[in-house]
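Chain residues, written in single-letter form:
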Amino acid sequence: MSHATAIALAAGLCVAVAPLASQSALRLSAAGEVAAVRARSLTPAGRERLDGFLVVGEGTLGRGHGLLRLRYGQGRVTSDSAGGGVQPRSLTDGELLVGVAALPWLDLWAGPHARSYRTDFGNQRWLFWEARASARATLVPGQLQSFFEGRVAVAGRVNVPEPFGSSRGAEGGVEVRITRPALRLRFTYRIDQARLAAGRRETVEAVAFSVGRDLR
Amino acid sequence: MRAQLRVAARGGAVVVALLLTLRPLHAQSAQSVLAAGIRSYQSLDLDDAAGLLTRALAFEGRDALSRPDHAKALMYLVATELLRDHRDSAFAVSRRLVAYEPRFRPSDLDFPPRTIALYDSARRATPAVFAAAPADTALRSGEALVIRLFGSTYHQIQAVLARESGTALRILYAGPITDSLDVRWDGRDSSGATVPNGDYRIAVESRDARGHLMRSLRLPLTVSRVVAETLPSPPPPGSAALLPERQPVGPALRVFAPAVAVGAAVMLLPGAVAGSESGGSSKGRLVVGGAATLAGIYALFRHHPGNAIPENVVRNQAVRARWRAAADSVARANVARRRDVRLRVRSGEPVVQSPEAP
Chain P
1 MSHATAIALA AGLCVAVAPL ASQSALRLSA AGEVAAVRAR SLTPAGRERL DGFLVVGEGT
61 LGRGHGLLRL RYGQGRVTSD SAGGGVQPRS LTDGELLVGV AALPWLDLWA GPHARSYRTD
121 FGNQRWLFWE ARASARATLV PGQLQSFFEG RVAVAGRVNV PEPFGSSRGA EGGVEVRITR
181 PALRLRFTYR IDQARLAAGR RETVEAVAFS VGRDLR
Chain R
217 MRAQLRVAAR GGAVVVALLL TLRPLHAQSA QSVLAAGIRS YQSLDLDDAA GLLTRALAFE
277 GRDALSRPDH AKALMYLVAT ELLRDHRDSA FAVSRRLVAY EPRFRPSDLD FPPRTIALYD
337 SARRATPAVF AAAPADTALR SGEALVIRLF GSTYHQIQAV LARESGTALR ILYAGPITDS
397 LDVRWDGRDS SGATVPNGDY RIAVESRDAR GHLMRSLRLP LTVSRVVAET LPSPPPPGSA
457 ALLPERQPVG PALRVFAPAV AVGAAVMLLP GAVAGSESGG SSKGRLVVGG AATLAGIYAL
517 FRHHPGNAIP ENVVRNQAVR ARWRAAADSV ARANVARRRD VRLRVRSGEP VVQSPEAP
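Chain order of the listed sequences is P and R.
When you line the first sequence up against the numbering used here, it's residues 1 to 216, in that order.
When you line the second sequence up against the numbering used here, it's residues 217 to 574, in that order.
One chain only, chain R, in its complex shape (with noise of 0.2 Å):
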């Protein structure tokens, strides 16, 4: 029994090793698939270029080409057919490469003319855009979001914005395309008021001579508005940054309070050094007390307490002054930024709708 159980867990070890290295493995394959099938494709092994080209065309998710790659493929695709002599399977790959591609071009320097010549007739029978925008964008008033449009083909297209729902709220351009055309977008509805935020999209539909629609292609929007943070206002100058406009009182009682203290105690020091025997004391010392109070009250008023200090008056005026001018500009510079409100729009990838898609 344990025996058996050992045997088990070393098989579900190797099934999980296998399972965590596959992933990987099966990545890297599509890869050199598609290098293998270019290899094939040189070397004139045909039959196997074209199951190995198949075969990288045909992973998907994570492990899928490129779009670059895979458009590669295609073309390679479309070489190894022609060169089959599967002429039509060649020029449905060819379609096929101009619906998923509309931009892209084969290198003369890579296949022959001839190949190239198939391709170029597929693509001019095959309308078709792609659109490529910014993937974030934040749009002032007078701004707008540039969506390139990249043609395969001169042919009709018409696009428009639209709500997620498909209600479509502006036509952003109604014309003909040849290799590219930049539609420009304000962040407004056909009436002229800004759109409010939400999920949006640009669509665009391919027509061809006929008026018929051959593909349409969706570019998903996401609006938002952005308000810039207002500056907080600069607090007003606190008493620590003013200096006092009055002389204060304190440093006047000071010097009044010992001089009339003197004062008294002189007149009453009589008594309070003869005791009962002080009675015909000398009136001088009233001169003397009296004295030394109005000398206080000299020092008192000389100290000019409630006075207005005109020189600490002027500094703090000019320090509420500087206080004033920078909460002034703060203020304004908020007011700005307040109107300053931006639409934020960010773009998704773009997904075809028509039935030719690939």
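So that you can see chain P by itself, here it is in the shape it has in the complex (with noise of 0.2 Å):
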């Protein structure tokens, strides 16, 4: 699929949630996450296994139907085998979606999310036009949800000489609210494997707890 293709399906996603945005009162909230991370690579020359933690801000925009969501991240992973040889990585990873409240247990997204690889010997981007499905279930009215998000990449762009491949991944876990102070904690794990055409795989996974709150 085509980076025009993937343009097309945020754009219209965005085109899909405009009316159903308007006149409805708007809803923000925030959240703040920190997340231990392991990102594996398997290439022809080997495998590599780096750890760490990522921290990332999150922030949701609603209005009716409509949804948006800024996520950016940022971290540092190091490989655990002393002497392997292998640099460690500056971690950055971002994501701009909009979504749909479609059903009120299902959220529709899709739109760009980028990571970058950064090490004494440069920079690697990659760039995947996703689209998402975030399914929950109330265990506990007001207290206690718990949720699963698949995604996909429909396009992908890394600048390595090697063509992108595909993209996929999936989290899930728990959400409890408390009322007192009025936060959302979420205890969630996750995971994405990026590949490309020559056989290079790019694992990311993370176990991850955040805390947020609704602004309004």
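Keep in mind that a hint or two might mislead.
[What the hints assert, rightly or not] Pairwise CB distance ranges (calculated):
1. L183/P <-> A480/R: 41 to 49 Å
2. V530/R <-> G94/P: 30 to 38 Å
3. L28/P <-> V530/R: 43 to 51 Å
4. G59/P <-> R538/R: 55 to 63 Å
5. A182/P <-> L469/R: 48 to 56 Å
6. A480/R <-> A133/P: 16 to 24 Å
7. L502/R <-> G199/P: 27 to 35 Å
[What the hints assert, rightly or not] Here are a few chain P residues that face chain R, going by a calculated C-beta distance under 8 Å:
8. L42
9. G173
10. Q193
None of these hints come from the bench; they were simulated from the model.
The beta-carbon is built from N, C-alpha and C at its ideal position, and this holds for glycine as well.
Once you've looked at the hints, go ahead and assemble the two chains, each given alone in its own frame, into the complex.
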């Protein structure tokens, strides 16, 4: 799928959301997240495994059925094998998604997701145009929810000689809402894997804990 | 030939028309003959009056005079015969009138004192009784059918309850009667048992001073039992009227299932997303998956599946108590209704059996 198709998908979602978002109250929430990250690379040269932390900030805007989500995270992953020759990487991850609340328990999202690895030798940037579906189930009304999100990249780009192959991922976990203070606590496991046509695979998984709050 | 048929048809039509109009004319003529007889009496055309009154009394069946008119015609005939100096005939007609209608009393305004005196002497010499009872009566236990007897004069009578076949069951009254007398029957025979369904009669015998039977009157009775219909018992409260008394399992499972599914999915995600490269995945996923599963278990038990719902139990107990009270009330009412057997007594027209009956 081309970039044009991905952009058209996101634009179509925006157009679909626009009338749904009108004449409704604006909702705004923000969250901060700390994630234990493990990045694994499978290249013809061999395997690499790096662990580290990522600190993420997230803001979500909603009006009616329309949704907009911005996430940005930065961290560092290092190899735990001493003297393995694996360079530590600075990891930056960000996304801007437009969504629609299709059902009370189902949101659909689309938009760009970017990730970069910076080492002493250079900078590797990935850009995925993703479509996502996020479902949630209320366990205890107003208190406890479980959620699951699946994602697939409909297009992608990476600044290496090999062409982009595919990318898919998922996340799931539980969310606890507390009233005093009014916070949302999320415990999440997420994993995604990007493949290049030549066979290289980049897998990133994270166990994340986030604290969020509805601002209005 | 055709002309003869036409004449015959015309003649037949005239005969049919006459037959159709004759019955009402005949029915009216009993009244008109009586009226003509009274007019003749008042204008002292006594022979005409005697003839017309005799003719009026001769009508039978549906065309006959009513009971009051019949008595009236007899009384005018008494007065006519007395004015014609036929005293014996007047006395015989008076006795006939007394036997026919013992309650009859002539008016001082309509008849001369001599006529009234003759009738009174005939009445005193003619012991007779008339019986009147309600046409249809339902007797509860302790109630009685009241038969009113009207006597022509003071004399001895005996009122007996008997089967239709004539078998006497109980003497209801034996003694004198003057003007009127109420005889009561409670639906029982001489042994105190309620009589079975069937046809009965009350026979009233009038006797003279020497004890000779002068007249017997039979009042037919038909006895049947009336049992009140029982009320239907209210149906017990159905499931629609009752609230669930225990927490249902369904809602608890509906929250448990997705949480467990998320927990399982999280644990299996590396294999699903990374395939053969899933080896060495973070063990943190087990913590997250376990947390999701534990959250589901917490939610499951928070719904308290199978636990009693006290407010629903109390409400259902009240609903069942109301139903039980209503059912008991109906049962009590039905017991009373089954006990409340009424004796329905229908009485017919009294029939005079003595040779002196008119």
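These are the hints, each one checked on the structure:
1. L183/P <-> A480/R: 41 to 49 Å: violated (27 Å)
2. V530/R <-> G94/P: 30 to 38 Å: violated (58 Å)
3. L28/P <-> V530/R: 43 to 51 Å: holds (46 Å)
4. G59/P <-> R538/R: 55 to 63 Å: Given a distance of about 59 Å, which is inside 55 to 63 Å, the answer is holds.
5. A182/P <-> L469/R: 48 to 56 Å: Distance hint for A182/P, L469/R is violated at roughly 30 Å.
6. A480/R <-> A133/P: 16 to 24 Å: Holds - the Cβ-Cβ distance for A480/R and A133/P, about 18 Å, lies within 16 to 24 Å.
7. L502/R <-> G199/P: 27 to 35 Å: About 29 Å separates the Cβ atoms of L502/R and G199/P, which means 27 to 35 Å holds.
8. L42: holds (6 Å)
9. G173: For G173/P, the interface hint holds, since the closest Cβ of chain R sits about 5 Å away, which is under 8 Å.
10. Q193: The hint holds - Q193/P has a Cβ within 8 Å of chain R, the shortest such distance being about 5 Å.
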